[in-house]
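Turn these sequences into a full structure, and let the hints steer you where they fit.
Take 1 as the starting number for the sequence shown in the UniProt record's numbering and just add one per residue.
What the hints contain is simulated information worked out from the structure, not anything from laboratory work.
Small disclaimer: the values here were computed from a predicted structure and weren't measured.
Take these hints with a grain of salt, some might be off.
Stated by the list, open to error - In silico DMTMM-like cross-links for lysine to aspartate or glutamate, where the CA-CA straight-line distance does not exceed 25 Å: (1) Lys78 <-> Glu5; (2) Lys36 <-> Asp71; (3) Lys32 <-> Glu64; (4) Lys35 <-> Asp54; (5) Lys73 <-> Asp18; (6) Lys35 <-> Asp18; (7) Lys35 <-> Asp71; (8) Lys19 <-> Glu48; (9) Lys19 <-> Asp54; (10) Lys44 <-> Glu67; (11) Lys49 <-> Glu2; (12) Lys22 <-> Glu2; (13) Lys74 <-> Glu57; (14) Lys36 <-> Asp18; (15) Lys32 <-> Asp18; (16) Lys44 <-> Glu2; (17) Lys35 <-> Glu70; (18) Lys74 <-> Glu2; (19) Lys49 <-> Asp31; (20) Lys78 <-> Asp31; (21) Lys74 <-> Glu64; (22) Lys74 <-> Glu48; (23) Lys44 <-> Glu5; (24) Lys22 <-> Glu64; (25) Lys49 <-> Glu23; (26) Lys22 <-> Glu67; (27) Lys36 <-> Asp54; (28) Lys35 <-> Glu64; (29) Lys78 <-> Glu67; (30) Lys22 <-> Asp71.
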Amino acid sequence: MEFIELHLGSYIISHGFDKNNKEIVVHIPADKFGKKLIAISRIKSLSEKYILTDYVEGRWIYWEYQENFEDVKKLLNK
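Okay, here's the thing in structure tokens:
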């Protein structure tokens with residue numbers, strides 16, 4: 001399994017949708033960024049602010065990351 005190391009901060013957990021098709025989310029604030037290894041196979045997308053990973057079935061986590069978008073993109077393309 002391949003990993004990348006990133007500095008991650010606040011995150012949003014998406015638990016799916018309620019009966020009215022409204023997304024159920026929990027915002028988890030962080031005071032600072034901390035190092036974390038992420039399995040590349042768990043990464044689903046990357047934006048300028050968030051890296052989206054899968055979690056338990058039906059849940060997704062949007063992590064804020066500290067690194068530059070282009071640098072993370074290069075790490076993922078290796």
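Here's how the hints hold up against the structure:
no.: 1; hint: Lys78 <-> Glu5; verdict: 13 Å, holds
no.: 2; hint: Lys36 <-> Asp71; verdict: 16 Å, holds
no.: 3; hint: Lys32 <-> Glu64; verdict: 11 Å, holds
no.: 4; hint: Lys35 <-> Asp54; verdict: 18 Å, holds
no.: 5; hint: Lys73 <-> Asp18; verdict: 33 Å, violated
no.: 6; hint: Lys35 <-> Asp18; verdict: 33 Å, violated
no.: 7; hint: Lys35 <-> Asp71; verdict: 16 Å, holds
no.: 8; hint: Lys19 <-> Glu48; verdict: 31 Å, violated
no.: 9; hint: Lys19 <-> Asp54; verdict: 22 Å, holds
no.: 10; hint: Lys44 <-> Glu67; verdict: 17 Å, holds
no.: 11; hint: Lys49 <-> Glu2; verdict: 22 Å, holds
no.: 12; hint: Lys22 <-> Glu2; verdict: 34 Å, violated
no.: 13; hint: Lys74 <-> Glu57; verdict: 28 Å, violated
no.: 14; hint: Lys36 <-> Asp18; verdict: 31 Å, violated
no.: 15; hint: Lys32 <-> Asp18; verdict: 31 Å, violated
no.: 16; hint: Lys44 <-> Glu2; verdict: 14 Å, holds
no.: 17; hint: Lys35 <-> Glu70; verdict: 18 Å, holds
no.: 18; hint: Lys74 <-> Glu2; verdict: 14 Å, holds
no.: 19; hint: Lys49 <-> Asp31; verdict: 16 Å, holds
no.: 20; hint: Lys78 <-> Asp31; verdict: 31 Å, violated
no.: 21; hint: Lys74 <-> Glu64; verdict: 18 Å, holds
no.: 22; hint: Lys74 <-> Glu48; verdict: 13 Å, holds
no.: 23; hint: Lys44 <-> Glu5; verdict: 16 Å, holds
no.: 24; hint: Lys22 <-> Glu64; verdict: 22 Å, holds
no.: 25; hint: Lys49 <-> Glu23; verdict: 20 Å, holds
no.: 26; hint: Lys22 <-> Glu67; verdict: 31 Å, violated
no.: 27; hint: Lys36 <-> Asp54; verdict: 15 Å, holds
no.: 28; hint: Lys35 <-> Glu64; verdict: 12 Å, holds
no.: 29; hint: Lys78 <-> Glu67; verdict: 16 Å, holds
no.: 30; hint: Lys22 <-> Asp71; verdict: 34 Å, violated
Of the numbered hints stated above, those contradicted by the structure are hints 5, 6, 8, 12, 13, 14, 15, 20, 26, 30, listed in ascending order.
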